[in-house]
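Taken in sequence, the protein lines are chains S and F. Here the working numbering is used: the first residue of the first sequence is 1, the next is one more, and so on. Here the working numbering is used: the first residue of the second sequence is 1, the next is one more, and so on.
Calculated directly from the structure, the hints in this document are not laboratory data. Careful: at least some of the hints might be erroneous.
Capping the alpha-carbon separation at 27 Å, the derived lysine-lysine pairs in DSS-like fashion look like this [as the list claims (entries may be wrong)]:
1. Lys557(S) - Lys418(S)
2. Lys3(F) - Lys288(S)
3. Lys40(S) - Lys478(S)
4. Lys6(F) - Lys308(S)
5. Lys418(S) - Lys365(S)
6. Lys418(S) - Lys362(S)
7. Lys6(F) - Lys145(S)
8. Lys421(S) - Lys397(S)
9. Lys397(S) - Lys448(S)
10. Lys135(F) - Lys114(F)
11. Lys3(F) - Lys308(S)
12. Lys194(S) - Lys123(F)
13. Lys572(S) - Lys530(S)
14. Lys76(F) - Lys311(S)
15. Lys308(S) - Lys76(F)
16. Lys123(F) - Lys288(S)
17. Lys193(S) - Lys123(F)
18. Lys6(F) - Lys311(S)
19. Lys295(S) - Lys45(F)
20. Lys3(F) - Lys311(S)
21. Lys135(F) - Lys311(S)
22. Lys44(F) - Lys145(S)
23. Lys145(S) - Lys66(F)
24. Lys65(S) - Lys42(S)
25. Lys145(S) - Lys76(F)
26. Lys111(F) - Lys123(F)
27. Lys308(S) - Lys66(F)
28. Lys288(S) - Lys66(F)
29. Lys3(F) - Lys295(S)
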Amino acid sequence: MNGAHTIVKTLIKEGVTVTFGFPGGSVIPLFDAYLDYKGKLKNILVRHEQGAAHAAEGYARASGKPGVCISTSGPGATNLVTGIMDAYMDSTPIIALGGQVPTSLIGNDAFQESDMMGITLPITKHNFQVRTPNQMASTIMKSFKIASEGRPGPVYVDLPKDTQVGEVTEPIPEEVSIAGFQPTLTPNPLQVKKAAEAIVNSKKPLLLVGQGVIISGASKELHELVEIAQIPVTTTYMAKGAFDEYHDLSLGSIGMHGRKIANYATIHSDLLISLGCRFSDRITGNLKTYAENAKVIHADVDPAEIGKNVKVDIPIVGDAKNIISALVAELKNLLLKSKISKGLEKQEAFQNKPKPKEQWVKKIKEFKASCDKCVKVPKTARMHPRDVMYALNGILKPEDIVVTGVGQHQMFAGHFLKMRKPRTFITSGGAGTMGYGFPAAIGAKVAKPDSNVFLIDGDGSFQMTLQELATVKEAGIKVIILIMNNSWLGMVRQWLELFFDKRYSEVHLGDVPDFVKIAEAYNLKGIKVKKKEDLDKAIKQAISNKETTIVDILIDKESNILPMLPPGGHIKDAFGGCMAGQGKFFEGDL
Amino acid sequence: MGKERKHVIAMLVEDQPGVLTRIAGMFARRGFNIETITVGKTTKKGVSKMVITAVGDDSTLEQMEKQVNKLIDTIKVIEMPEDSSVIRELCLIKVAIPNKKAKEDILRYTKIYKTKIVDITQKSVTAELIGEPAKVDAFIDLMKQFGIKEIARTGVTAISRG
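Whenever a hint applies, use it, and build me the whole structure from the sequences.
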């Protein structure tokens with residue numbers, strides 16, 4: 001058996017059924033081996049390697065299993081780089097397999113040689129170069145272990161052509177171990193106890209949930225924690241869906257374009273409980289003033305995240321699911337103890353007075369209710385982006401998946417859409433990769449063929465990777481593409497409007513191509529929507545179509561996504577958006 | 001920002017190609033300053049010991065340690081506090097001999113500093129000094145008056161006491 005067959009066998013052993021890749025000289029042996037494993041492993045042939053990497057990401061984010069992408073050496077492998085970097089920023093487990101020139105030519109500037117080990121070094125969790133065919137299986141197994149355990153991330157594997165062709169004499173090992181890789185998954189009970197006590201003693205607790213909760217599959221545990229402790233919950237965009245956004249304690253998403261109530265709650269909270277969130281600058285604004293009235297509990301599986309940005313009072317290292325379960329157990333224990341020590345009579349007396357925590361929760365619920373009622377949409381000549389989100393909220397089923405590109409449309413989706421379940425909102429967070437959406441949606445659909453997969457994209461973002469229309473046509477993958485078409489690079493235009501006196505430079509896309517015709521050119525379906533009244537029908541038509549459909553939605557050209565926290569600013573400086581009673585709500589003694 | 005000080009960090013790493021690049025690259029990317037770096041084999045096959053000195057406040061040091069620990073090829077990271085570690089550096093220093101009086105002074109000083117003379121010509125003397133970085137600095141400072149022709153320092157290595 002040669003190295004290439006070993007790769008395929010090892011992938012199958014790791015539970016891989018599909019990869020996303022594009023061939024080339026250095027991976028001819030690998031794709032040759034695919035022909036011998038039909039029915040067990042298939043490759044989706046993308047039209048650009050960047051698409052392969054993002055599709056692998058979308059697959060991983062929707063399924064929770066590592067995604068695999070494949071490219072040839074040199075330019076093929078460098079085309080993977082954006083996707084690898086994106087996966088690194090968003091802790092997405094992908095295995096990127098790159099062909100390489102034969103070991104005898106490495107370092108000679110051979111045809112299509114590039115130093116992928118050097119290039120991917122700062123943007124991978126780890127990378128490997130296979131030097132002999134016998135290293136093949138163990139290297140790939142190590143890659144899966146590293147990519148998926150602890151804090152997930154991308155692993156790049158360099159595959160010199162001779163290691164694919166050469167004979168493998170050793171069997172595929174049962175398992176592999178890595179001396180320097182032993183993530184801490186079980187939290188320190190003492191830290192959990194401290195955290196539980198802080199929760200019991202707090203008056204204005206707030207849960208800040210990050211993607212770690214989704215990665216560890218802890219949504220059920222999180223809901224249990226919220227039920228027991230009655231703490232309002234906000235999520236990052238990356239964690240959207242980790243907590244049911246229709247729950248009355250959900251404040252929606254936080255951050256630069258998040259819900260004001262969520263952002264403001266961090267100013268007033270006296271205990272911020274962060275679970276699997278890394279406090280990015282898009283969440284915190286100015287670090288000096290961030291959550292300045294709060295004690296901070298920071299739970300993360302990556303110890304390096306704790307204390308990196310925000311000063312932490314109670315650090316907990318471990319897997320989110322383990323931490324939340326332990327917290328729930330500890331809280332139950334504490335509540336039971338307090339009931340016993342107070343005695344029944346005292347407890348009744350105590351219950352008659354409103355507890356401070358209940359006041360906080362009551363006010364938050366009241367305000368939230370007034371926010372939910374307010375669905376006013378600014379009057380604009382063409383459809384407002386919010387209309388699209390409200391329409392979609394009416395259509396989305398709990399298991400439907402929304403994938404976004406990057407830009408204003410993404411922020412509208414993050415702010416206004418309401419998701420119920422984890423792994424249903426897939427977006428490029430840390431990297432903000434334009435062009436991410438479409439290929440990621442392809443990966444998500446391949447992972448969850450029974451769910452509707454919606455791509456919300458901008459006309460600018462979509463044009464970066466629209467060549468994958470050929471992929472969905474050929475592979476029979478159905479993605480419902482909603483293009484928020486305003487002929488601008490809307491997010492940058494918004495910044496120029498707000499911070500650069502409307503000096504619009506290089507942001508107008510002018511005569512944007514007719515996306516309906518583009519769909520037709522690929523033998524797919526396209527619907528143009530000009531009026532709000534036609535939106536619902538068009539989306540439903542796209543859902544019932546068998547193939548990928550582009551719904552080209554002409555939205556208002558110069559609507560801004562508001563509210564907005566000025567970058568690096570204080571959260572209270574957030575401007576715009578619905579203000580319904582917001583100022584008053586947070587005034588006075590809570 | 002807390003008070004900046006010099007830290008000595010020792011680590012056990014996998015003896016594999018590219019390990020030095022990974023560690024040095026991470027330090028550069030995250031904006032940590034490396035003052036010295038040394039690496040050598042250990043008694044365990046496949047494991048090297050690397051010692052880095054870097055300057056930063058306590059929270060920077062904490063980040064450095066955590067980020068180094070995160071690298072897959074890093075097996076163990078330990079900070080080496082001055083009071084409980086033996087910290088040493090080797091320095092070769094070539095000093096000019098401007099006149100006879102100077103030669104006598106140089107030889108006297110090298111004796112006081114317990115250095116070893118490894119080469120001597122009519123015009124220059126080369127001494128080998130092993131000690132803590134502060135001692136090496138002091139000796140270099142002392143030699144400046146005669147004219148230093150060249151120096152070579154290895155950087156710091158360290159081992160814990162007891």
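Verification of the hints:
1. Lys557(S) - Lys418(S): holds (24 Å)
2. Lys3(F) - Lys288(S): Distance ~18 Å between Lys3(F) and Lys288(S) Cα, so the pair holds.
3. Lys40(S) - Lys478(S): Roughly 22 Å between the alpha carbons, so the hint for Lys40(S) and Lys478(S) holds.
4. Lys6(F) - Lys308(S): holds (20 Å)
5. Lys418(S) - Lys365(S): Satisfied, since the Cα-Cα distance of roughly 17 Å is no more than 27 Å.
6. Lys418(S) - Lys362(S): Holds: Lys418(S) and Lys362(S) sit about 22 Å apart, inside 27 Å.
7. Lys6(F) - Lys145(S): violated (36 Å)
8. Lys421(S) - Lys397(S): holds (10 Å)
9. Lys397(S) - Lys448(S): holds (14 Å)
10. Lys135(F) - Lys114(F): holds (11 Å)
11. Lys3(F) - Lys308(S): Given that 27 Å is the threshold and the Cα spacing comes to 17 Å, the pair holds.
12. Lys194(S) - Lys123(F): At roughly 69 Å apart (the allowed maximum being 27 Å), Lys123(F) and Lys194(S) break the hint.
13. Lys572(S) - Lys530(S): Not OK: Lys572(S) and Lys530(S) at ~37 Å, beyond 27 Å, violated.
14. Lys76(F) - Lys311(S): holds (25 Å)
15. Lys308(S) - Lys76(F): holds (20 Å)
16. Lys123(F) - Lys288(S): Violated, at roughly 59 Å.
17. Lys193(S) - Lys123(F): Between Lys193(S) and Lys123(F) the Cα gap is close to 71 Å, so the pair fails against 27 Å, i.e. violated.
18. Lys6(F) - Lys311(S): holds (23 Å)
19. Lys295(S) - Lys45(F): violated (47 Å)
20. Lys3(F) - Lys311(S): Holds - the C-alpha atoms of Lys311(S) and Lys3(F) are around 17 Å apart, at most 27 Å.
21. Lys135(F) - Lys311(S): The hint is violated at about 37 Å.
22. Lys44(F) - Lys145(S): holds (25 Å)
23. Lys145(S) - Lys66(F): holds (20 Å)
24. Lys65(S) - Lys42(S): The given pair, whose Cα atoms are some 16 Å apart, holds under the 27 Å limit.
25. Lys145(S) - Lys76(F): holds (19 Å)
26. Lys111(F) - Lys123(F): Status holds; Cα separation ~19 Å.
27. Lys308(S) - Lys66(F): holds (10 Å)
28. Lys288(S) - Lys66(F): holds (23 Å)
29. Lys3(F) - Lys295(S): holds (24 Å)
Hint violations for this structure: numbers 7, 12, 13, 16, 17, 19, 21, all remaining hints satisfied.
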